[in-house]
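Residue numbers (the UniProt record's numbering), protein chains in the order written: chain Z, 1 to 504; chain A, 1 to 167.
Hint data in this document are derived by calculation from the structure and do not stem from the laboratory.
Where a beta carbon is used, it is the ideal one built from N, C-alpha and C, also for glycine.
Incorrect hints may have been included.
Said to hold, decoys possible - Quick look at which bits of chain A chain Z covers, simulated, 3 or more residues with Cβ under 8 Å:
1) 24-36
2) 50-63
3) 99-107
4) 141-155
As the list claims (entries may be wrong) - Restraint-style ranges between C-beta atoms, simulated for each label pair:
5) A:Lys8 <-> Z:Leu381: 44 to 52 Å
6) Z:Thr255 <-> A:Gly135: 38 to 46 Å
7) Z:Thr299 <-> A:Leu146: 40 to 48 Å
8) A:Val161 <-> Z:Leu48: 22 to 30 Å
9) A:Leu146 <-> Z:Phe129: 38 to 46 Å
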Amino acid sequence: MHISMSILADQFALNFSYLWLIVIGTTIGIIIGAMPGFGAANTIILLLPFTLAVHVDVALIFMISLFVASHMGGGITSILLNIPGNGGAAATCLDGYPMARKGLGQQALVLSFVSSTVGGMVTAGLSIFLLPYISRLAYYMHSVEMVVVLLFGITLIASVASDNMLKGLIAGFLGLLIGAIGADHIYSTPRATFGFIELYDGVPLIAVLIGVFAISEALTMMESSSVLSDKGRELMKQAGWKETWEGVQMAFARTWHMIWTSLVGLVIGIIPGAGASIAAFVAYQQSRLFSKTPEKYGTGIPEGVIAPESANNGCSSGDLIPLLVIGVPGGTTAAVMLIVLTYHGVQLGPRLFIQNPGMGYGVFVTMMVAYAVMLFTTLPLTRYVSRLVLIPTTVLAPIIIAFTLVGAFAPRGYMFDLWLTLVFGVIGYLCRRTGYNVVAVLIGVILGPMLEANVMRALRISGDDPLVFFSSPVGNVLWVALACSLLIPSFAKWRRNRAALASA
Amino acid sequence: MKNDRDGKVATGADWIIPILGAAFATYYLISIKDLAWEAKISGVFCAVVLFLLIAIFALRTAIGLLRGTHYLELRSLYESHKLAVVRGSLFALTVANVALIPWAGFTLSTFGFLFASFLWLERMTPRRAALVAAGLALFGYVLFILILRTAFPPGPFERLVAALTGL
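Modelling step: build the complete structure from the supplied sequences, incorporating the hints.
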């Protein structure tokens with residue numbers, strides 16, 4: 001896997017000659033990314049007649065542009081409407097929506113776009129130069145290590161619920177139990193399916209996502225005539241280009257934050273089966289952990305938008321590394337890309353970098369160009385897109401319900417999923433009205449099944465020996481890191497209290 | 001849920017989620033009682049922890065009520081009659097929309113839902129509500145059914161367009 005500057009120069013030239021295609025791919029990607037239920041994978045499947053018919057370079061540039069843009073698009077509705085476009089954008093709601101309510105929606109969108117771009121470009125650039133080393137990470141991450149990584153994400157339940165820990169934990173464990181509905185991972189026997197065959201594969205994540213976020217938010221927002229606070233409304237009405245520039249400054253004042261959280265995303269993305277949602281939750285949790293003002297998280301602070309968005313987009317580079325280096329797709333979209341590339345006769349794995357290194361490294365060059373293109377196309381739009389929140393809630397709420405229900409139906413095509421979405425809408429509404437954190441429910445539903453699958457796999461491989469979880473050096477290092485991440489906040493709080501007492 | 005009543009904590013409405021959680025956990029445990037331990041372990045763990053948390057919540061509330069730091073109320077779910085009617089109407093229209101989709105198809109049911117919502121909630125004039133709802137429903141038809149090929153059951157509108165244009 002040796003790389004030469006001429007290969008990179010050729011790839012940049014190739015990508016610039018297809019700039020129009022990148023603009024089309026990223027535009028489609030941002031739109032579908034912002035719509036819950038429609039992901040890059042479905043769209044690439046829909047566009048297979050195009051990607052299979054054109055030259056492989058064109059197909060790859062188009063697919064990569066669409067893929068990275070869908071990661072970026074997911075944050076738009078998270079920030080403006082508290083409705084994540086996909087699981088990876090769920091953590092963005094935590095601080096993005098409070099920012100929008102304060103009238104800082106434009107700045108929050110800019111933060112999301114800039115941190116996505118920086119996160120995506122940094123990780124794509126790193127992937128080009130460190131690919132042989134980074135790719136080895138996937139070999140060290142097995143079920144045991146995945147269990148610890150997932151526990152990192154699950155500890156976020158405690159963080160998001162810090163204002164009422166008991167209620168947050170109840171919501172989180174309810175989410176974990178809901179996530180355990182469906183056939184078990186060893187014998188495929190159904191559990192708690194209420195007799196519905198549609199629940200054998202587990203509770204569909206999109207139905208939960210749309211129910212607890214979109215439907216419940218639409219019902220909740222009817223309380224006032226606007227999504228915005230009075231002050232926020234005034235600020236938003238006066239917003240101009242200055243706010244866009246302010247957002248850019250806010251983002252670059254936190255450059256290191258964007259970089260390190262994107263690296264969290266890259267590492268998690270490399271693990272096959274782990275995805276953007278885990279990356280975003282873990283990055284948010286780590287960002288809060290290392291913050292000097294953790295109590296401000298959840299109130300609408302720039303770091304709370306930067307961390308999940310950088311990680312979410314950093315994860316997109318990581319997702320493609322196993323596909324290119326060992327021929328194993330890291331996620332659903334990568335699996336669809338594998339089909340297209342195989343149809344074109346491309347052999348993935350180490351051979352790709354010997355026979356056609358330009359294509360292997362070209363993937364990351366396309367990512368860098370696509371992110372640059374997106375930044376220049378999306379930043380000017382933030383001024384106009386952010387005005388969405390000025391629409392009266394009596395008009396906005398029915399539109400949200402009508403269009404997000406499509407997203408609940410689209411992935412599986414079952415009418416059952418629409419009814420399930422309404423059930424979760426009511427649950428989400430009850431949670432919001434009575435002080436239970438809906439993000440905690442969602443974390444449980446997303447990460448619970450993954451945790452169970454990995455715990456079971458590890459136990460199965462070890463012959464049901466529970467000590468297997470402490471048998472790997474990488475896993476043990478991660479356990480120590482997890483213990484530290486749980487203990488450090490308590491220690492820091494104890495120190496702050498002691499300092500406050502001493503000064504009083 | 002602290003409120004302005006002498007800094008006391010309101011309780012009552014916040015019991016709905018724990019009750020639903022306990023009922024679901026009980027059902028979960030019953031549904032897995034005959035399964036192998038590998039299929040049970042995660043569910044049993046989550047259900048037991050959930051029961052424990054609910055028990056702590058119950059104990060804390062009971063102590064709070066006895067000490068007078070908590071008081072009973074359901075206002076967080078029913079703030080005012082007007083708001084309850086608006087929210088109830090929106091949810092009822094949503095349920096009607098979902099129930100209609102298999103017969104009316106996506107476009108007509110979405111049009112009906114948006115038209116009724118705009119008339120009732122926003123008090124738009126019928127003409128304006130019809131125009132906005134029709135525009136949005138058509139946009140949804142083009143985007144979700146024609147372009148993204150979402151496989152909703154076809155209704156009269158989709159069948160008519162297909163018969164006339166072959167789309």
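Going through the hints against the structure:
{"no.": "1", "hint": "24-36", "verdict": "holds (count 8)"}
{"no.": "2", "hint": "50-63", "verdict": "holds (count 6)"}
{"no.": "3", "hint": "99-107", "verdict": "holds (count 3)"}
{"no.": "4", "hint": "141-155", "verdict": "holds (count 7)"}
{"no.": "5", "hint": "A:Lys8 <-> Z:Leu381: 44 to 52 Å", "verdict": "48 Å, holds"}
{"no.": "6", "hint": "Z:Thr255 <-> A:Gly135: 38 to 46 Å", "verdict": "43 Å, holds"}
{"no.": "7", "hint": "Z:Thr299 <-> A:Leu146: 40 to 48 Å", "verdict": "43 Å, holds"}
{"no.": "8", "hint": "A:Val161 <-> Z:Leu48: 22 to 30 Å", "verdict": "24 Å, holds"}
{"no.": "9", "hint": "A:Leu146 <-> Z:Phe129: 38 to 46 Å", "verdict": "44 Å, holds"}
When the structure is compared with the earlier hints, no violation turns up for any of them.
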